[in-house]
Structure formats: C-alpha cells, structure tokens
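Listed in order, the protein sequences are those of chains A and B. What the first sequence shows, in this note's numbering, is residues 26 to 136, in sequence order. What the second sequence shows, in this note's numbering, is residues 5 to 117, in sequence order.
If you're looking for bench data, these hints aren't it; they were derived computationally from the structure. Computed from a predicted structure; not experimentally measured. Certain hints may be false.
Restricting the straight-line Cα-Cα distance to at most 35 Å, the calculated cross-link-like pairs of lysine-lysine (DSBU-like) are [claimed, not checked]: (1) A:Lys123 to A:Lys96; (2) B:Lys75 to B:Lys18; (3) A:Lys42 to B:Lys13; (4) B:Lys61 to B:Lys13; (5) A:Lys123 to B:Lys74; (6) A:Lys96 to A:Lys82; (7) B:Lys13 to A:Lys123; (8) B:Lys87 to B:Lys13; (9) B:Lys61 to A:Lys82; (10) A:Lys96 to A:Lys42; (11) A:Lys123 to B:Lys18; (12) B:Lys61 to A:Lys96.
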Amino acid sequence: KNQVEQSPQSLIILEGKNCTLQCNYTVSPFSNLRWYKQDTGRGPVSLTIMTFSENTKSNGRYTATLDADTKQSSLHITASQLSDSASYICVVSPNDYKLSFGAGTTVTVRA
Amino acid sequence: DGGITQSPKYLFRKEGQNVTLSCEQNLNHDAMYWYRQDPGQGLRLIYYSQIVNDFQKGDIAEGYSVSREKKESFPLTVTSAQKNPTAFYLCASSIRLVGNEQFFGPGTRLTVL
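Start from the sequences, fold in the hints, and give me the full structure.
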C-alpha cells in the first residue's frame, strides 16, 4: 500500500526562526512530490513540486528537498512569519491519478 | 482557491438526512475530485470524474453519490447511509485526470447533529 508519513505531527516555533518538516514515502512508481500549505478551514495550496530528477526546489522562504533513493523529502521554512502558521501536507503522485496524501504537519508560529 | 468554489462553507445535518455539497470550477478543467479530510489523516478520495457524464468511485465511496452533468459542476451528495459523515470535504480539479496539478476549493465543513 502506498503510504506517506510526515513528522513531526506538530511543532511550535518563534517568529523569525527556521524549521524543517519531514516526509517519508513508499509510493511506487513515483512521478512527483508536492508540498501543500493548508490554512485552517481552507483548501490546500501548492508550494513546490519536484520530479524524480530534482533534488531541491525553492518558493520564497520555502525550500523543499527530495532524495528519491531513500524516498525522503523535507520542507524547510526560513525566517518564519506568523502567516506561516498552517498545516503542511506532503503529496506523492504515482504515474496515475491517485495521489497519496500525508496527514500533515501543523506549524504554529508565535510572536 | 484557483477558480474553484464550494458551498456552503458550513453545513449542519440531522441524522437520516441527505445533503448535497456544491462544487463549481471556471478553470475549464476536465477532471474533478471529491476528498474527505479527517483530523490526523491524509485526504481520502471519495469520487472522481474524468469527463462530463462519467465518474468513478474512489477509496471511500460508500454512502456518497455524485453527478457530472456539466463540465463546471460536480456536486456531492452525502446520504443517510454514510455512517460517519462529519468531516471537512474538499473538491479539486485538474486539466486532465493524469499528470496535472490538482487545484483545491475552500472546502465545506459538514457536521451531523
């Protein structure tokens, strides 16, 4: 069964600090991996997408990495802001329409 | 929310009632999807539609029904047969079924009283 495991489940950081979220997956075959940001009570919004051959992808203060050999990805948030408080979801896509979603990491940024 | 609208934002239902959640997109996407989101779990696929007048069951279709009479619209009905319907429901669409980013609507939170 294709699975996506995210850690930690939640974390609290002070404004201005950095944090890193982890995603391990067993999805095969692998097409691409996305990180989504989901604000409370809203739909997910795509932050980054990486294919098999890409190791890193940045979107402003968000940087995602991918190690396709170990099937691990990370999302690094630099200089966190209050608006970064959200759930971050790792989504892995095989070669078809059925996406595999992680349960998400809830990030709380405090002033 | 990428041109996808869902209504209502909040919905309350009494046990034994059917309710219909609306999803409309103006992105000219062929494929549309319904997901259910529960705390501590990843999104789970309820139904998907590759094209107008066609739809297929996802992983958790029991107790749900859909229709796709128009390209823009993909309503979801939560029937009384769904034993645990309280959840956050997300609609998504993509250009085609395979190989394209799915864009999500803002969601509908359904609560059974």
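### Query
Which hints, by number, does the structure contradict?
none
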